[in-house]
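Student: One letter stands for each residue in the lines below.
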Amino acid sequence: KAGVTQTPRYLIKTRGQQVTLSCSPISGHRSVSWYQQTPGQGLQFLFEYFSETQRNKGNFPGRFSGRQFSNSRSEMNVSTLELGDSALYLCASSGVRGLTYNEQFFGPGTRLTVL
Amino acid sequence: KNQVEQSPQSLIILEGKNCTLQCNYTVSPFSNLRWYKQDTGRGPVSLTIMTFSENTKSNGRYTATLDADTKQSSLHITASQLSDSASYICVVSLYTGGFKTIFGAGTRLFVKA
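So the sequence lines, in the order shown, correspond to chains A and B. Quick note: the first sequence uses this note's numbering, first residue 104, plus one each step. Quick note: the second sequence uses this note's numbering, first residue 1266, plus one each step.
The following block holds chain A by itself, in its conformation from the complex (with noise of 0.2 Å):
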């Protein structure tokens, strides 16, 4: 079975520019979400997409957004990079096993660098 995958893994943009990383989820998982991650800082939840409608969205300003794609690959758009951006963005795919847990297997991850 195939894990998750990201694309890029690795990304430099300069400042005012717009970056969109894509994610494959596990076959047959329907839920994505997306964190970020900077140095020394735990994950931070941006939002979650499910049958591609947002179901959770974290607290992040209006330049991050995503989307899911009816064979559940989700892509995120962040508009207007700032340094402040530079990160490790994670995409973690989630099934259900039914109400008793759910499973979530993250990518590799795409490391973003604003200049």
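Hints listed in this document are in silico derivations from the structure and should not be mistaken for laboratory results. The beta carbon of each residue, even a glycine, is placed where N, CA and C say it ideally should be. Keep in mind that the hints are not guaranteed to be accurate.
Pair by pair, the computed Cβ-Cβ distance ranges are [what the hints assert, rightly or not]:
no., chain 1, residue 1, chain 2, residue 2, range
1, A, Arg170, B, Thr1285, 39 to 47 Å
2, B, Phe1375, A, Gln147, 19 to 27 Å
3, A, Asn159, B, Thr1285, 28 to 36 Å
4, A, Thr123, B, Pro1273, 37 to 45 Å
Keeping the supplied structure of chain A fixed, place chain B upon it in accordance with the hints.
Tutor: Relative to chain A, chain B alone:
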């Protein structure tokens, strides 16, 4: 308020020694608790997952315990290796018609030769 607190924030141990990481949570209604290992610059990898009825779960040299009454969990690493140097994240999920996940800030473990 649903929170997950981990201690210590960081830890340095010698190779071959054991260590225990702590996780306290105030999450309700509790569904499950997971421990992840995250190497620097990589995505977290699941070590163990426990539901309400499970007290102990092992994965090789990693053993997690859960006390649902006191809302505490621990991760014990036996005979540490240099490759155990990583961040260990405690994650608690609650279920209220849908799953919600609360992350701890993590414990940074350094294993020295």
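Student: Work down the list of hints and note, for each, if the structure agrees.
Tutor: So, going through the hints one by one against the coordinates:
1. The hinted window of 39 to 47 Å between arginine 170 (chain A) and threonine 1285 (chain B) holds, with their beta carbons roughly 42 Å apart.
2. At roughly 24 Å, the beta carbons of phenylalanine 1375 (chain B) and glutamine 147 (chain A) sit within the given window of 19 to 27 Å.
3. Taking the beta carbon of each, asparagine 159 (chain A) and threonine 1285 (chain B) are about 33 Å apart, inside 28 to 36 Å as hinted.
4. Judged by the Cβ atoms, the range 37 to 45 Å given for threonine 123 (chain A) and proline 1273 (chain B) holds: they are separated by roughly 38 Å.
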